[in-house]
Amino acid sequence: MRVAFYRFRKLENILVQLLCAFASFFVILPFVLILVYLIVAGASSINFDFITQLPKPIGEKGGGMANSIVGTLILMGLTFLIGTPIGILSGVFVYEYGNEKLRKIVRFSADLLNGTPSIVIGILVYGWIVSPMHGFSVMAASIALSLIFIPLVLRTTEESLLLVPKELRDAALALGIRKWKVVCYVLIETAKQGILSGILVALARIAGETAPLLFTAFGNQYWTYRLDEPISALPLQIFEYAISPYEQWHRDAWAGALVLLLLIFLLHLSVRILLKKKS
Amino acid sequence: MTNKSPFSYPSHPSNPDSNPTGPFAFEIRDLNVWFGTKQSLFNISMNIFYQQILAIIGPSGCGKSTFLRCLNRMHELSPGVRVEGSVKLMGKEIYAADVDPTLIRRRVGMVFQKSTPFPTMSIEENVLIGLKLAGIRNRSFLEERLEQSLRMAALWDEVKDRLEAPGTSLSGGQQQRLCIARAIAVQPEVLLMDEPCSALDPIATAQIEELIVSLKKNYTIVLVTHNLQEAGKTSDYTAFFLGGKLIEMDSTKKLFTNPRHKFTEDYITGRFG
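Protein chains in written order, with the numbering used here: chain H, 1 to 279; chain X, 1001 to 1273.
None of these hints come from the bench; they were simulated from the model. Since the structure is predicted, the reported quantities are computational estimates derived from the model, not experimental observations. Watch out, some of these pointers could steer you wrong.
[Said to hold, decoys possible] Straight-line C-alpha distance at most 30 angstroms; calculated BS3-like pairs for lysine-lysine: (1) X:Lys1160 with H:Lys181; (2) X:Lys1132 with H:Lys179; (3) X:Lys1233 with X:Lys1262; (4) X:Lys1038 with H:Lys104; (5) X:Lys1216 with H:Lys166; (6) H:Lys101 with X:Lys1038; (7) H:Lys192 with X:Lys1160; (8) H:Lys166 with X:Lys1132.
Take the sequences, apply the hints, and build the full model.
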């Protein structure tokens, strides 16, 4: 009787473990499938021209997505520049400053903004910036992406700061260090890893956003280096090629998707290495 | 005060105004503290002698830590705290409207129960952080202060060859001494210690206790402790708190051998708490 009881408990234990492993399998599986499919469908179209040439009209051989790759990098860079200070500082505010009511308001707004469908953000920015300025622009696109980026960074910054033991903050303040210096040199420094990976996840998220770009960046067949002109981006180009009726463009869309994924993967890898070196 | 041994003070009655005059590091009168609507300290009045060690004992939740945090205005970091009464540091009111709590904390350092070396910093950076963030750049001054603080914290010989190592690479007792070095590097007048040994093994505890006694030469020390032996070994006088009230305060010897109050006797003989 006793033995059977223990055997049952042991079985239960194994069962839960198996369930968890089974669930985790469904995280790995889609990723592997996506990767394999992208490689099969897209890798053959990736060559030197693909990453250095402008798109060519249908029928012509060669051509690539260089302007879309650079466009995505420009948009990511600008969004990073606009969104990181605002995201981190507002995250610090929610953690450290303001009264409880104000914090709740900021946190709640961030969560709502986070939950806003990206296409809605695209339409809003179209109404606010694109329409009054009479044109699609890099600026409008990066502002739209920032609206997605900021609440993500805010929340991860706050959560990373919450993971810093309260004692460290007390110890720093007890040394007679000014609060802003405690925040910058002790709290953010200690939470750096979490904050950085939050930024990274947010960057990866906006790199793949398509809907807001339709209304703001619009797409461009050529190079652009001006903030007030439309710009191409990988997701836009993928979208455009994917809905086209041409077989060659379909292959290019797959290739573009693979490039986008590799870009995000590289970003993850480089930050990981950077963080490891430091610590 | 040089001609007096710590134990020759007349016993310290509840009314501190009947004490011999100074020198006092702190003069506290009618200190009341509330957390929200709950009052946690009731009419505390006492004097804390200059460059002596005061131990504060009492059961958990008696307000020892709260009292300690009132002495450098650390309690203001918890939400909903309200303080009434007067606390004078070297004769100056620290709760006056024009007093900057940051400057009070620079003069009244604190060591916590859990050792808290900053995890991203080396041993050297940990010790010097207070000075560096106060804007001191003079390299030779910083180096001198680094060695001096680590020597005072009895840690120099153990770490002098690896000052660049992370502060968290040290053992528990070493980490706590590092925190003490960090606190004294900014040269405060008072050191508040909130159960500094309660997370340490007996050997590390003995080292820290020895260190505390040696620090008396330069600092006024207020030590909160659960360990009665520790209070007996290190302190010159002892205050017993119960339920947010100061029950009794006296020279340590007298309080432990001949307490006036029954609660005190019960506590030190282990009948409750």
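Each hint, compared with the structure:
Only pairs whose Cα atoms come within 30 angstroms are accepted, and Lys1160 of chain X paired with Lys181 of chain H is accepted, the gap being roughly 28 angstroms. At most 30 angstroms may separate the alpha-carbon atoms for a hinted pair to count; Lys1132 of chain X and Lys179 of chain H meet this at roughly 15 angstroms. Distance restraint check for Lys1233 of chain X and Lys1262 of chain X: the Cα-Cα separation of roughly 22 angstroms lies within the 30 angstroms cut-off, and the hinted pair is therefore satisfied. Restraint check for Lys1038 of chain X and Lys104 of chain H: the C-alpha separation of about 25 angstroms stays at or below 30 angstroms, so the hint holds.
Simply put, Lys1216 of chain X and Lys166 of chain H have alpha-carbon atoms about 29 angstroms apart, close enough for the 30 angstroms limit, and the pair holds. Among the hinted pairs, Lys101 of chain H with Lys1038 of chain X is consistent with the structure: their alpha-carbon atoms are about 22 angstroms apart, no more than 30 angstroms. Restraint check: the Cα-Cα separation between Lys192 of chain H and Lys1160 of chain X comes to about 28 angstroms, which is no more than 30 angstroms; the hinted pair holds. Our distance criterion of 30 angstroms between C-alpha atoms is met by Lys166 of chain H and Lys1132 of chain X, whose separation comes to about 22 angstroms.
Checked against the numbered hints listed earlier, the structure breaks none of them; every hint is satisfied.
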